[in-house]
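Undergrad: Since the structure of chain A is provided, determine the placement of chain B on it from the hints.
Chains as they are written, first to last, in numbering that gives the first Met the number 0: chain A, 0 to 532; chain B, 0 to 480.
FYI, nobody ran anything at the bench for these hints, they're computed from the structure.
Do not rely on the hints blindly, as some may be mistaken.
[Claimed, not checked] DSBU-like mimics (lysine-lysine), calculated; alpha carbons at most 35 Å apart, straight line: (1) K490(A) with K444(B); (2) K377(B) with K277(A); (3) K163(A) with K188(B); (4) K276(A) with K251(A); (5) K452(A) with K388(A); (6) K425(A) with K490(A); (7) K425(A) with K388(A); (8) K305(A) with K251(A); (9) K166(A) with K213(A); (10) K412(B) with K276(A); (11) K444(B) with K493(A); (12) K321(B) with K166(A); (13) K166(A) with K412(B).
[As the list claims (entries may be wrong)] Partial selection, computed: residues in chain B whose CB lies under 10 Å from chain A: (14) R334; (15) G362; (16) V419; (17) D420; (18) G421.
[Stated by the list, open to error] From the derived model, a few chain A residues whose C-beta atoms are all more than 10 Å from chain B: (19) K122; (20) N211; (21) E426.
Bear in mind that the values here come from a model prediction, so they are computed numbers and not experimental data.
Here a beta-carbon is modelled for each residue, glycine too, at the ideal position from N, C-alpha and C.
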Amino acid sequence: MDPQMHTDGDVSDRAIARGQGGCSRVSPSTIAAVCICGAVLLASLTPASAARLDDLEQMPIDTFAKLREVEKYQLQVAEKMYLDEKWAVAQAEYEKFLQLYERSVGAPYAQLMWSNCQRNQRKVNTAIRDGYQSVLDYWPDSREAIVASYMIGRSYQDIGEPAKAKKAYAQLIADHPNHVVAVKAKVNLVEIARVEEDNDRRVELWKDLTYNTKRDKENGRYCADAARDLAQHYLNKASFDDALKALETTWKDHELTYRVFEVSRGPIRNLLDQADKKAAGAQLADKVVAYITSQVPADQSDEQAKRRAREYWFWIAEVQAYARRDDQVIKTYEQMVDRFGADDELLDHMAGWFRGHDRRDEARRIYGKFKDQARGQGNIAYMYREERKYDDAIKIYQDLMTTDADRADNYQWAIAECYEDSGKLKEAIQTFRQTDRYPSNYMRMASCQRRLKQYNEALVLYNQVLSDNGTAPQAMLEIGYTYEQAGDKEKAIKGFQRVCKAFPTSGQASRAHAHLQSEYKITITLGGSKDDK
Amino acid sequence: MSEATPKSTDRRPLMLTAVYAMLWVWLWFDWIAWYQLPDWVKMLGFTASLPVIVYWVRRAWAMRSPVRRWAVLSVCYVPASHWMVYATYTLALDEVRVIFARVSIGGVFVIGLLWAVWYVERASQRILSRRRAAAERRGDRRIWNPLDLDAWYYGQRVQRLNQSLTTLVAYSLAFLVLFLLLNQVAGCKEIYEMPAGGGEQKQLQQVVKVQKVIRKKFVINPYSAIVFNPPPIDDVKLQLLEITKHAYTVGYGQGTGAGFAGGTNRGKVRFIRLEYDGGDWDQDMGVGADLNLLIEYGVRTGQKVAEQTESRKIVELRNFPKGKSPPMVYMTGQRSISLSKSEVEILREYLLDKHGMIFADNGGSSGWHSQFFNLMRKVLPQVEPVKVPLDDVVHRVPYAIPFLPYVAPHGGKDAWGWKVDGRWVVYYHPGDIGDAWADGHAGVKHEVWEACYQLGVNVVFYAHAEYNKWLDARGKAGDKE
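This is chain A alone, in the form it adopts within the complex:
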């Protein structure tokens, strides 16, 4: 043990002892101050700050309450380092705790956290061998021992040892079947079975988690995910009733309807894509539509019921779309128009569907019916851009600049992009110049200048952008490429080297480094891994 550490611990102990024994000689104001400080210290230690730790990294409150102040202080120091991801320092602090307070009730926790520090430093084997295993060996009855058992399995999984992980999880599930880590272990076993393509085992585990696990606050979400996955599995086999049964274990009413809609779309499409299962896919779609329809509130007198009914109708339309029943989709939307009236949201869905199915004129017609004319016209202009009808798009944007002046800059930018895409680069430069989006507009202007082979102008713009910290690495890299395009290889190389030197950790430096190596056979350092030690 480090003698210095002993001294520190002793001093703290003595200070506390003095505080407790000499209270009568201290003034009331001092006592009040000490109490406030103590309260602040406690507040900083208890769940408020610990909330950032993972469930399995937190110390139980009853254990925490039994700790002495010095122990709490030492753990606080270690935890601060841990939360700051200074793993090596945190590890040293937990180690210090273990050396100073070996017999403390917090020792197994410190040992567990020490192991976590090792794990986070990518020393997983050490974490298992010298950390988690020590928790099991020295404090086998502690709560941390259960967590350590789980972490051993998780660590084996993380280093690509699924066989050992399965063994550890199986032992854990047998020893602590009702603990939350047993549920987590089962979830991890599902993941291993997925990788090993062992579908039977996955279904078995999902069923166990869905039907046989007593839900509580801690394991609820894992069981819910399992129920969802099991339902999806059944839907992929076109077994709607089994899927619904699985979902009903977790959700009710509106949420259940949403889950049915959410998990059924993929399986419907999968089944329809398989020639021999098309009929099953269509049947499944029918069942889902029927189920959602049955959930549409009969009484739509209040606003909430009406809103919900609309939502369900949208889901029905989407399920029909997944089932590739175009006529049914249109029919559903038309029914919605009849029932709820043609508002912009509904029209947007309809137009979107027509656009997706390349019925662009119908889509445009629907956009034209928007109450929010600016939004509708904006969508029409965007469609023209998709169709490379840039003049039509520009005309609409120009109109919008006058009718919807609040968003004039957006339309200006869109016009500039239209010019750029249509090859009218000079007009594009002029329009980009009029926008307020610095430095993006300078970068786009420079790009246009390069396409016009006006390299000097492009370089001037890029150099102006260099003052912006966020864009500087990209601008510097573009300077290199610009020189390269201009045929000035010497300056291009200098430009790329400058990126590597000025921003060695950026992605641009990585690209410049690779470009220098592949095109010019020049190697330049990016500093290497010196900071990782």
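TA: Same frame as chain A, now just chain B:
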């Protein structure tokens, strides 16, 4: 028939020789194509030819018929010359082996030619004497028999010369065809052999050696006219020299010298990189680049290494037989990776059935990172990539590497691995380690490129040690069967 020639009543030596000849042919095929038997079995088998040869040579001297005598000696020449070639091959005397092989083939050619000339000449004489005895005339019919000097294509003049030339050409062609056919038996087969030896899969110990350097003492003449500043009082300087203590041999298994128990005397550690379509697979290859690592590996481990680094197409991995395939291949690049379905299967077979390993190095782009991961998803669909822990054996033996060294973090800052049955079958380095091995070391600090060499040595050693373990396990399984 003389008493020395084999009679029907004394056929046992002939029968035994025939049986041995079959065994010899089997051993020979195994040597060139099958690679199933261990070297010592083959050496024993071929050495068994020596007493047989001695027996037949002694018997040949006693034969009255010179034809039989020379026939026996000619046949004996083949196993005798082959034994010399195989012995030099086993002893890894490559230069001598090449000379012996050439002399051996040359000898077989000359002996065969002499027998061909003798046979043609004899047959020709018989035809001639038979024709003379029968006072037969050639007449107008065309003779096609090449053994007959009167064959129409030998012409009317210098028939004997023409026949001799034809014999020479025909024999040479036949020899060439036979030679090529026998070579084809081996197909495009290739073998990889590890250097023989042994050692332990343990971490190298860093020790500090203290050397006391006693400074020179000066005797000063106080009456001298020369002004001399006396040296400082502490005349003993401690020089701390950090050295790597080779307390053990770097290798694996029981054997003498650094190497592997499953290796051979002629085996060497080779550095083979994969050629693939779509990318710059040859980045940092050859002299002043990856050869630096191979040389460093040889120097640091004391194992025998190849003179050059090599490259092979992915399909060529199929040419290596099980148990004689490369324990590790290197793959790098920064552009795209384009592999066919069959190449993916070959890689899978190489990694799983042939117990190989891929050492991948991202040569300079995040795109290569994702492409390599996609490739591995196809090659090993049932294996998830995981981050290789820093305290894993591949990062500890023979060198303990405290951090992952890289030139640039093109694919992140973590090494990834694909593990099958507790063995890394793929080690992926994210940051251009090959650039650090090259001359100039990409400008990174000494400690970084030194760590890059150490990591390279570790991965190459890991692959060979694991391969050796597998060979051991195969051997034991074979013994049990």
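Undergrad: All the hints need checking, so say for each whether the structure fits it.
TA: Consistency of the hints with the structure:
A hinted pair counts as satisfied when its Cα atoms are at most 35 Å apart, and K490(A) with K444(B) qualifies at roughly 26 Å. Annotation: proposed proximity of K377(B) to K277(A) holds, straight-line Cα distance about 28 Å (limit 35 Å). Distance hint between K163(A) and K188(B) is unfulfilled; the C-alpha atoms sit about 39 Å from each other, more than 35 Å. For the suggested pair K276(A) and K251(A), the alpha carbons sit about 30 Å apart, so the restraint of at most 35 Å is met.
A hinted pair counts as satisfied when its Cα atoms are at most 35 Å apart, and K452(A) with K388(A) qualifies at roughly 26 Å. The suggested pairing of K425(A) with K490(A) holds, with an alpha-carbon distance near 26 Å, which does not exceed 35 Å. Proposed proximity of K425(A) and K388(A) is supported: the alpha carbons are some 19 Å apart, at most 35 Å. A distance of roughly 19 Å separates the Cα atoms of K305(A) and K251(A); the hinted pair therefore holds under the 35 Å criterion.
Restraint check for K166(A) and K213(A): satisfied, since their Cα atoms lie roughly 23 Å apart, inside the 35 Å limit. At roughly 46 Å between alpha-carbon atoms, K412(B) and K276(A) are farther apart than 35 Å, so this suggested pair is violated. Restraint check: the Cα-Cα separation between K444(B) and K493(A) comes to about 21 Å, which is no more than 35 Å; the hinted pair holds. Proposed proximity of K321(B) and K166(A) is supported: the alpha carbons are some 32 Å apart, at most 35 Å.
The suggested pairing of K166(A) with K412(B) holds, with an alpha-carbon distance near 31 Å, which does not exceed 35 Å. The closest approach between the C-beta of R334(B) and any C-beta of chain A is roughly 8 Å, which is under the 10 Å cut-off, so the hint is satisfied. Because the closest C-beta pair between G362(B) and chain A is about 8 Å apart, less than 10 Å, the hint holds. At its closest, the beta carbon of V419(B) sits 8 Å from a beta carbon of chain A; the interface hint therefore holds under the 10 Å criterion.
Look at D420(B): its Cβ gets to within about 8 Å of chain A, closer than 10 Å, so that hint holds up. Residue-level restraint check for G421(B) holds (minimum Cβ-Cβ distance to chain A is 6 Å; threshold 10 Å). Listed as outside the interface, K122(A) is inconsistent with that label: its C-beta sits roughly 4 Å from the nearest C-beta of chain B, within the 10 Å cut-off. Against the 10 Å criterion, N211(A) stays outside the reach of chain B, whose nearest CB is about 27 Å from its own CB.
The Cβ of E426(A) sits about 34 Å from the closest Cβ of chain B, beyond the 10 Å cut-off, so the non-interface label holds.
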